[in-house]
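Colleague: Sequence:
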Amino acid sequence: MTLYYAGLNNSLEPRREVVDGQQRIRTFLAFVLPTAVKNFDPDRDSFTIKSAHNKELAGKAFKDLPTEVRQNILDYQFSVHILPSSVDDRDVLQIFARMNATGFKLNAQELRNAAFFGEFKSSMYSISAEQLSRWRTWRIFTESQIARMAEVEITSEFAQLMIRGVVGKTQKALDALYEKLDDEWPEKAEVERRFRHCMEELDNAVGADLANTQFRNRAAFHGLFAAVYNVAFEIGSTLKKKKAKPLPINFRTRVLKISDTFRDARAPDKVMEALARRTTHKDSRKTVIDYLKSQLSRA
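Under this note's numbering, the first residue of the sequence shown is numbered 5, with each subsequent residue one higher.
Mixed in with the good hints, there may be bad ones.
[Claimed, not checked] Taking lysine-lysine and the DSS-like style, the derived pairs with C-alpha atoms no more than 30 Å apart in a straight line are:
#1 K67 to K173
#2 K244 to K274
#3 K54 to K67
#4 K274 to K290
#5 K286 to K176
#6 K261 to K286
#7 K245 to K286
#8 K192 to K297
Simulated from the structure, these hints should not be mistaken for laboratory data.
Given only the sequences and the hints, what does the whole structure look like? Please build it.
Modeller: Written out as structure tokens, the structure is:
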């Protein structure tokens, strides 16, 4: 965690002005020493450790932590960059304008990442990050899309598929899922296991060649993942632990053949339409998934 300080211009007082990192400092002090926080508001500022971050310490305030843990927190060293007092205020503003100017407002997934800190958010961030090399190898997302958490969002959609079946994608529904499963998520381990299994199966069957197929298209990849999940666990099944069924022996050949069909626009019109327009609507997703299920299960 990096903090940026600037010396007070035209002042010989041994004080520094925090120009970036004020919220981080406030959060730290609110946990460790609330009385040091100006205008401390318990409803806004106080918090305890969440289960997603540490199950053994969940629900505890700083004063309730073991002595060793408290000492470790107090021993934490902040990374600090100090700007000389000779730096003009205008220059400071320009520096941070360049640092923070991405040209984009936060997207829905970035907002969710900032709003939630519990079980579901932590899980989606973690298991999507585990697959980083695959996202890159398969070229499902560009580097800029990954930087803006596109892979976390589609991972969330896959979890949503396992929990609720085939649904349309709406940011409101994803927000609601994050909120509902923020504090407790009993099926977490099973959903994570199933996600990893499906990604592993895809990699083992098709590997890097997936990058050269029409399944680089996000809507098509969503359908392919759903079809793999359906073979292994069945869409709509309960989330009780169950053994995964294997993919067909000629799965790779079928995937490549379907990709050619998509590329040449030889799939049924309604399937091609579903891949081109209204791709996140429930009916479109169901059309693509049903088509892939039928093609991949042919004898």
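Colleague: Straight-line Cα separation of K261 and K286 no greater than 30 Å?
Modeller: holds (25 Å)
Colleague: Can you confirm whether the C-alpha distance between K67 and K173 stays at or below 30 Å?
Modeller: violated (43 Å)
Colleague: Within 30 Å, alpha carbon to alpha carbon, are K286 and K176?
Modeller: Roughly 14 Å between the alpha carbons, so the hint for K286 and K176 holds.
Colleague: K274 and K290: Cα distance at most 30 Å?
Modeller: Distance of about 11 Å is within 30 Å: holds.
Colleague: With the threshold set at 30 Å, check whether the alpha-carbon distance from K54 to K67 stays at or below it.
Modeller: holds (15 Å)
Colleague: With the threshold set at 30 Å, check whether the alpha-carbon distance from K192 to K297 stays at or below it.
Modeller: Roughly 26 Å separates the two Cα atoms, so the pair holds.
Colleague: Straight-line Cα separation of K244 and K274 no greater than 30 Å?
Modeller: violated (35 Å)
Colleague: Quickly compare the C-alpha distance for K245 and K286 to 30 Å and report which way the hint goes.
Modeller: Measuring from Cα to Cα gives roughly 27 Å; hence the hint holds.
Hint violations for this structure: numbers 1 and 2, all remaining hints satisfied.
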